[in-house]
Amino acid sequence: MNSPVEERLRQALSEAGAVIDPETLRPLSAGSAVRRRRVDMRWIGVSWARVRLLIPRASRRWVTVASVVVAAGVMTGVMVTSPSEGTLSTAAAVLPPNSGMADLSVFLCHGDNPALPSCGGEAITKEQRLAVQRALRSAPWVETLVFEGQREAFKNFQADDLISESVKKAVRVQDMPESFRVKIRPGADYQSLIAEVKAMPGVAQVVDSSMLRRQMTAGLPEGWPQERTISVFMCRRGGASALCEATPSERGATPEQVKVAHDTLRSLPEVANTQVETREMAWKARQSIGATAGQTPEDMNESIRLLLHPDADHARVIKVIESLAGVERVVEHPCPTSTSC
Amino acid sequence: MRLCDVEVELLTHGEPLTRQHVDVAAIFAEHQLGLVRLALLMLGDRASAEDVVQEAFTRTHASRDRLRDPDKALAYVRSAVLNGCRSVLRRRATVFRRALPYDPPVWSAESAALVGEERREVLLALQRLPRRQREALTLRYYLDLSDPEIAETMGISGGTARSTIARGLAALAKQLGERS
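So the protein lines, in turn, are chains A and B.
Going by the numbering used here, the first residue of the first sequence is number 221, and it counts up by one from there.
Going by the numbering used here, the first residue of the second sequence is number 5, and it counts up by one from there.
Next comes chain B alone, as it looks inside the complex (with noise of 0.2 Å):
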């Protein structure tokens, strides 16, 4: 610690640490509900959506020092998120394939219940899309992110976003069979 930060701890003695650091906590409080909706409509099933969100803010908190910009945070944590599902689905692929399923996904004939059978097969063409495009897509027609917004959370350009989102809208029509 330097001398100086002594200084500012001692003189804002009542009002402690808060103003240095970017609140993570509240944050995730506020957030938790979308961030655990994101991961589910990547991952396909919450278990595991509500865990890479609580992986996410535990390594976020570990680090808040780091992260001093308040602007900067939520898209900092949106992109701890998509790193978590990224991880889960890479994981995933090393199960193997014959003798035990996992989880049905929330978009799998199980749970068809829980979401109609026309929503279940535009979620299923999102899936078919390449990761990128899925999680561009996501993040705008699920969070209504703007273009600037998506490319922070993505670490990509905003111009890669928009052609993205793009590209992955036009193969999603194709699927669907219909004119985008």
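Only chain A is shown next, with the shape it has when bound in the complex (with noise of 0.2 Å):
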């Protein structure tokens, strides 16, 4: 006799397990192929955050663009996925130099770009183009405005020394999204206008990178350079992470876990400063920036700030980290631009 919960639990693993169509599974492929297109989960520098994304897999020619995630002194690189599956990553497109830091980035639909909902598969047409381009020159709150064709997106991505020579060999030419590189008036209200951009046909996908930058960088703490800065967030409660799983009370790091973290940290000899950072602390500073949209502060994560010497070794120190109980994630702040921070 199997008992309710068992049945449940049967019945729930049954039906998430059923959401793969074996006739869509991706073939197994043996030999020298797969070492070539192995997937590999790794570390991509980017320049305000280090950010660990798959790399780019199996038919090469699905690879497209999906959402963003900035890299290299400029600005983004974008996560491409593949249309069955929805996740894959890593292509990136970069600002000319002399445009500066894009706050906004409209991606554009290409051909190639069966994966994302509002494209429906289709390419931008010329006139769609031409809407977008008038939509955002008319636009008060616009500063200067760039196009960046596939070519050049391709060119820059192949420049960006952040980016790791895998991703780069997985990418062509035709891979690389199309798109318009805004730089916004300071202090602009520009919300209502990426929805109504976003909501344009022949759009991608619109990112905000700005509001990016400044959520990486809220609350840490003044004077502390970011690139020497390393964020350890706790776990909390009723967080999702399967990391957590060593901590009692669902999951939410124990006082004692964040105390023996923190006298762990600051005894070591790379470490020179440390902040707490509350979940009230988090929140203000989340406030602050104006993104707390749909969260409360029980979203919060407790952290713990680090500021490491400089030349310190940044890998043995998240070495430790990793090995701390109640740890859900580690942030690096590396700069916002490979010159200066």
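Be careful, since some hints might not be right.
[What the hints assert, rightly or not] Pair by pair, the computed Cβ-Cβ distance ranges are:
1. A:G369 / B:N87: 40 to 48 Å
2. B:S91 / A:D483: 26 to 34 Å
3. B:I160 / A:A419: 47 to 55 Å
[What the hints assert, rightly or not] Residues of chain B placed beyond 12 Å of chain A at every Cβ, according to the derived structure:
4. Q36
5. N87
6. T142
7. G159
8. S161
9. G163
10. T164
Keep in mind the hints are simulated off the structure, nothing from the lab.
Note that beta-carbon positions come from the ideal geometry of N, C-alpha and C, so glycine has one too.
Using the hints, put the two chains back together into the complex; each one sits in its own frame.
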């Protein structure tokens, strides 16, 4: 006799498993082709954060743009997806150096883009592109507007030494998205226009990198150079990370765990200073940049901010962090541009 | 290669190597779907699940000379997939949290349409269990493996497998507000 829980579990697992349709399964491959295309999750260095991404694999012609990651002194990497699975990653496109850092990137649909529902598999037409351009040009909050074609995007992508070679190899010119790179006037409220542009036909995605940048740095202690700062986010009650399994009380880190983590990290020779950011502090920092939409203070994680000595070995510190109980995520905050912070 | 191996090869020239090797490719061909689904249940997103299985296949294939016992091969392959899932989860932990959400897992709100609300609740509760319990419960209630099979796959003893499942079920029932 099965208990009700067993029954529910059995059914939930079977239903979730059935999400995968055998017909669409990517065939396994053996031999050298595998090694070349093998998927690998790895770090890609980006300008002000290190983000780990999946590397494109399988049939490269499916590599398409889906959503964005910021990379390279100037701006944006682009996560690429395969249409069947909805996740792969990384291509990147960068603003021409003289145009400064883009605040907003409007990625346009191109033919090979069935992953994006907003594109419906269609490339943007000339008229649609003109319409988007007109809308952006007429917006009062736009300071500069630059169009980046596929060739240029590819060139910038290949020239970006923060992007790993295997990603570069996997991406072709026709995989790159066209985009409008927009610089926003300081202080402008452009949220409603983002929504408007997003809804225009032929627009694949609008990325508000200025907001991403602000989110990344919100709450960092005054006067700490970003490139020497590491944030250690502790497990949060009700959080969904599978890594927080060892913590009691619905997987929120206990005060003891926070204390142990803090004491351990503080005692490392690489660490110059530490600061604990409570959930309330995190919430206030988020509020101050207007990024709390749909969230409550309950969604914030307590974190320990670390200031490392110049030239300290980040990898060693991260290794120690990974061994600590109750840690959910680690964030590094490298410079926003390659030359200065 | 030792002399007697040469001899065996010469003798079995008509039906090369298959007799000495476990046919890894065949095992994967037969079980790929199940393995990908297992990985999906562990990881929550399909692309990573397929990658883990591909990776496990590549590795097992490369070391197939060491895999001589066909009875153990499937358990070995399942272990490889579980290990792959573990390292994906470990690596995910070091992604930054605030700015970029990563792939929506199948049980996230975004894909609620795929898996019903009531199922999602169970899957979320499962995700919240400690790793070993989560693995053991999935092997038992998804793949219907026996205690010894689960023990072999996870590299633990039969008794530990049994008690892990019992504790996992109890914890799950508690989370779901049910009696186990």
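Item to check | Enumerated hints in conflict with the structure, sorted upward | outcome: 4 and 6
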